[in-house]
Amino acid sequence: MILLFEILRHDGPGRITRVRIGSKTFETPNLIFYFFDSLLPPPLQVQIITVHEGEILPCIEGKFKLVPLMSPLAFDLDEAIEYGLGLEADVLIAPSPPIRGPSEMTALLLGELLESAKALKSAVREMPVAIPIYYLPSKSLRRDFLSEVRKLGFKFYVIKGLEEAFRNPRDLVAFLYEVDHFIGPDALLYASGRIPPSHYLHLVYLGIDFFDTSFIIDATLRNMYFFNGAWYQFSAIKELPCFCEACLRLKESSQNSDERLRLLLNHNTLSALSILKNAFLVIRHSRLRESVEETCHHSPELAALLRILDRDAYPLLEKYTPVSSKAKLYCIGPESYHKPSIERFRTRIATRYTPPKEVTAVLLLPCSAKKPYSSSPSHKLFRKTIIEAGVKGLCEGIISSPLGLVPRELEEVYPAAHYDVPVTGDWDQEEVRIAAECIAKYLDKFPRNCPIIAHLDGGYLQACRKASEISGREIIYTEVEGSLTSPSSLSSLRSTLSRISHQKCQEIDRLKEAFRKTADYQFGPGAGEKLAPDSTTVKVKARKEKLLYDGEVLLAQISPLTGFVVPSLEGGDRIARLSHWVIFKGDSINGSSLMVPGIEDADPQIRPGDVVFILDSSKQLIGIGEAVLNGEEMVKLRRGVAVKLKHTRRRDEP
Amino acid sequence: MSTSLNHLISSYSLKLREEHLKSRKPPEHVPSKFWVEPDRVLGKEGHALVVILPTAGCRWALTSGGCSMCGYIYDGSASTPSPSIILDHLKQACEKLAAVPPPISVKIFTSGSFFDEREIPKQVRDEILYFLSRETRVEEVIVESRPEFITEDVVSDSINALKGKQLTVAIGLESTSDKVRSIINKGFSINEFKASLEILTRLEVGIKVYLLVKPPLLREAEAIIDVERSIKHLSKMNVDVISLNPCTVHKGTLTELLWKKGDYRPPWLWSLVKIILDTREEANATLTCTPTASGLPRGPHNCGLCDKKIDAALKKFSITQNMKQLQHLNCKCKHEWKLYCHEELISP
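Chains C and P supply the protein sequences, listed in that same order. Taken in order, the first sequence gives residues 1 to 654; the numbers are from this note's numbering. Taken in order, the second sequence gives residues 1 to 348; the numbers are from this note's numbering.
Hints should not be assumed to be uniformly reliable.
Claimed, not checked - Below, computed lysine-lysine pairings styled on BS3-like, alpha-carbon distance capped at 25 angstroms:
| # | chain 1 | residue 1 | chain 2 | residue 2 |
| --- | --- | --- | --- | --- |
| 1 | P | K332 | C | K139 |
| 2 | C | K251 | P | K261 |
| 3 | C | K139 | P | K261 |
Unchecked claim - Covered stretches of chain C, going by a simulated chain P footprint (3 or more residues, C-beta under 8 angstroms):
| # | segment |
| --- | --- |
| 4 | 102-111 |
| 5 | 217-228 |
As the list claims (entries may be wrong) - Over 12 angstroms on every C-beta distance to chain C, these chain P residues come out as not near it, computed from the model:
| # | residue |
| --- | --- |
| 6 | E18 |
| 7 | S133 |
| 8 | G262 |
Rather than coming from a laboratory, the hints here were simulated on the basis of the structure. Glycine included, C-beta positions come from ideal geometry on N, C-alpha and C.
Starting from the given sequences, assemble the full structure and let the hints guide the process.
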């Protein structure tokens, strides 16, 4: 019996995994139950804990038993193992002494733990073993310990003391970096101890797979009732708001105190479990981050943690965040400004976007509620006005919060066409600052003599003026009267545009530029030019499907869902070696997915959802697909689907 | 267990001893300490006169730092007292005996080993025992010693000096596990204990064994299992009384150092009840448990509401050996205790 697991889906570091032990399987995130029947005398089975598997709770004994073995300070390994096996454990947790005392003592005790974990592993080869790791306040002790633990190659970690870490969110972030660095994605993480259920979503988002019921039991013993993310004194509730079976019986109020306690525990455990089941659901529907943002309003502690995460842990979060999603991307409040998918967009525009070669002028416009922007009534009016003004070679940048600046060529790319914000016209300081920086970086990409025109009002205008200050660029502002689409405002836009010198007068091929800029956005600067040189043409088919051809050869199309460029094998040949490559261990692939064990190496830049190129050992392109995992995981994991294949090339094909 | 952990524990203790021993008084200023308490005397309900003699203390504590939970040495004298001081203490205590109902035992404690001749010279020891032999109402004399001082000669001398009164020797074994004794820094092995046991059995001396409930660095559940395991082992040896000693936090000990950091909690009283209920049947000896400092943060405690009740039940049981005292005890905190036991094993 060995423990196998695969990551089925990501949403940030948060994930759904399928765990298999022998013939039994279950999925995470999940809750581990203490075997705690309040009416039984405490037999020695006190430490059996089980993973929720069935549908009905009151039978607390689930299918999977984790048994922590007793301290090597007091028990021989044989004695401890015999004990664990006697309890029919599915997973043994390596015996650990309590990690206590001054640092000198702690270090020695950690040494004892490592020794006994090693010994256990070789003693029970046929059984899965988990190892406890500790959140220790001393960073050096922690790092030394984790780097030693890494060498032992465990796949199941019991993290102890994480609830302490909430007091110091900065250090919690540091610890999670260490866990990611030393342990990586190829392991299950169980945050043991009194983690309040209200914190589950945040921790799931950070990649924790399991929690246990200790907090819930403790709160229940204090007669607390859990509902909708908050705890209430049971006796102070006039009418129970829940209709679970336990609550229906509690409403009868004819039980003795032990029975009441049991029902309360039952309800509370179910309520907590439903948070994890919700986590499951929102990961499936790519709404985890949004749910985490909502949860911030449950406590200042959670809000602080998310802010610090976004500030200090962007690389960690971004690494696992899919590049696209079918779900709407809501940006409701300040906790959305720095979410990884948004921050990544801003970063990529700053580092990967280059303007078309010959630009007459830059026009800055406000965003619109309807996406893509050009389909909105306001942008249709702007377009009409631009044509009336007769100006060609105009490059358009659309200002938006919190995306900052969206080049017109990329308006259909995720998340530009997928986000939604409450539109009130009022911008806060942070929004103005973010947008101003993005605009300034965008303007820096154009020659100094390129005129910049802004047709803006309100917060957009504020951000633009600030950007002008930052970049030192002069901006020509149109005269706005009433709204931006009022006849006089549009007339001001028209006359401002027509005053620009028309020497170059080359119209930009917007469709081809969309291919180029999107390819740059996805694969890095230069990819666009390689994929879509001047010789190529773009055809728009029914349902606005955009296809890129070189002569008769189809090179790529734009996915209507994500706005991403999906190259054909011929298109892929042009850019496959630049980035986003996955090196396959064999010569030819078929089927619908590429599994992790078949991968020799992968570009660490790859993110879940990215278009990736499968190369054989001689670096020839043999397939194109969509990444399920990030590049690092493709190399480090041992199981699961890495890429969903879209095109494959048979061996005999050229 | 690695010897380095044992070394570290020993070195912490040595450092602490150095600091705290300074506060000890010269022998002539150590107040005499004695009291009478209800106790089990030779299988019957009776009373014990407890006398603490002001010796210079346990040699093991002085040389190696001693046991991680023991602070009794600070009750002793700064130097070896003269024989007359020791005897004065004893005589003063024995004046109390007249008012005590029989059966009576006298417990002579030294905070060290009664048989260690550097602590109590042979001549003084003989005089103490001779004095007690003439106290006609006393049926049993109990002394304490580490195994290394229990020799055939010393024990036969003592039996002779007592002139027919029952001698009982109490040994602080703490656990039958060498591993557990090693983290206590007990400094002797189960085999040394067995050798002493053999001598005492041969000479028909009463044998009392102390088991420590929850030494530092053991979790609550592990401590319960360790003690139950020890009682099982002892049931196969010739032991008259097993005394469960819940660990208390003495000043100037490693236990205190950990306790102050929040890294140690004395055992729950529920654990003591559980151990007795679980093992009474197979114990094959008188089982006693008379906690000190119970209900206090430094002693074994429950929630604060039920501590007095449970403590009284344990003490009552110790004298009567009647299990009824311990059955049907209840309090809300019993659930908390169970959670604590669960949780500690899986969380730090």
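Per the stated criterion, does the least C-beta distance between P:E18 and chain C lie above 12 angstroms, as a non-interface residue requires? Consistent with the label, P:E18 stays out of reach of chain C, its closest Cβ about 17 angstroms off (over 12 angstroms).
P:S133 remote from chain C - nearest C-beta pair above 12 angstroms: At about 42 angstroms from chain C, P:S133 clears the 12 angstroms cut-off, so the statement holds.
Verdict on chain P covering the segment 217-228 of chain C, where coverage means 3 or more residues with a C-beta closer than 8 angstroms: As far as the segment 217-228 of chain C goes, the hint holds, because 3 residues have Cβ atoms under 8 angstroms from chain P.
Can you tell me if the segment 102-111 of chain C counts as covered by chain P, using C-beta to C-beta distances under 8 angstroms and a minimum of three residues? holds (count 6)
Do the alpha carbons of C:K139 and P:K261 lie within 25 angstroms of each other, as the hint requires? Cα-Cα ~19 angstroms, so holds.
Chain C versus P:G262 - minimum CB to CB distance exceeding 12 angstroms, so not interface: violated, 9 angstroms
Would you mind confirming whether the straight-line C-alpha gap from P:K332 to C:K139 stays at or under 25 angstroms? Judged against 25 angstroms, a Cα distance of about 40 angstroms means the pair is violated.
Does P:K261 lie within 25 angstroms of C:K251 when you go C-alpha to C-alpha? Outside the cut-off at roughly 44 angstroms; violated.
In the structure shown, a violation is registered for the earlier hints numbered 1, 2 and 8, in ascending order.
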